[in-house]
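Enquirer: Construct the entire structure; sequences and hints are all you get.
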Amino acid sequence: MAGKTKKPTDWRKRFGAAKAPHVVMLHADFAGVKAGNTMLISSPGEIANYLSRIPKAETRTMDRLRNELARKAGANAMCPVTTAIYLRVVAEVALADLAGGKRLEEVVPFWRVVLPDSKVAQKLSCGPDHVAHLIALDGAAAAG
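Take 1 as the starting number for the sequence shown in the numbering used here and just add one per residue.
Source of the hints: derived by calculation from the structure; they are not laboratory data. Predicted, not measured: the structure shown is a model, and the values here were computed from it. Some hints here could point you the wrong way.
Unchecked claim - In the SDA-like style, the derived pairs of lysine to any residue whose C-alpha atoms are separated by at most 25 Å in a straight line are: (1) K19 / K72; (2) K72 / V23; (3) K7 / K72; (4) K72 / A96; (5) K119 / A96; (6) K7 / H22; (7) K72 / T9; (8) K13 / K34; (9) K102 / D129; (10) K102 / P80.
Expert: As structure tokens, then:
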């Protein structure tokens with residue numbers, strides 16, 4: 001009996017299906033965040049908006065993204081698990097848009113947080129080398 005082939009992920013559908021950002025109170029430790037703290041569960045849209053506001057040729061760490069969005073929401077922390085998942089969703093939508101003919105300036109610049117040596121970059125359909133290429137193109141566009 002042959003194994004089932006996995007259906008490709010519909011990243012755009014996952015982007016649109018996510019719940020709105022919300023803050024939860026942790027009753028147990030979770031992913032490095034201690035019980036009793038409030039934690040922001042973000043959304044792909046909120047992360048895409050954050051990424052779009054980072055100036056060309058600049059990068060931010062994932063920790064900075066999480067800290068800034070958590071603070072804005074009035075939470076102690078932002079969920080590291082959903083952050084990584086939603087960053088991948090945003091990145092895969094941007095990659096599909098680039099493959100569909102959109103210019104670099106017309107897509108969400110995920111490479112300003114998803115750096116080539118990150119776990120998220122390792123999982124992307126394009127791979128970390130292409131992320132490095134996008135970072136270089138972004139820097140060249142800013143210099144030009």
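Enquirer: The structure should be examined with respect to each hint, and the outcome stated for every one.
Expert: Hint check:
Between K19 and K72 the CA atoms are separated by roughly 18 Å; this keeps the pair inside 25 Å, and the hint holds. Restraint check for K72 and V23: the C-alpha separation of about 11 Å stays at or below 25 Å, so the hint holds. Restraint check: the Cα-Cα separation between K7 and K72 comes to about 37 Å, which exceeds 25 Å; the hinted pair is violated. Between the alpha carbons of K72 and A96 the distance comes to roughly 30 Å, so the proposed pair goes past 25 Å and is violated.
Only pairs whose Cα atoms come within 25 Å are accepted, and K119 paired with A96 is accepted, the gap being roughly 20 Å. At most 25 Å may separate the alpha-carbon atoms for a hinted pair to count; K7 and H22 exceed this at roughly 30 Å. Note on K72 and T9: the hinted pairing is violated, with a Cα-Cα distance of about 31 Å set against a maximum of 25 Å. The suggested pairing of K13 with K34 is violated, with an alpha-carbon distance near 32 Å, which exceeds 25 Å.
With a C-alpha separation of about 20 Å, the suggested pairing of K102 with D129 holds against the 25 Å cut-off. Proposed proximity of K102 and P80 is contradicted: the alpha carbons are some 30 Å apart, above 25 Å.
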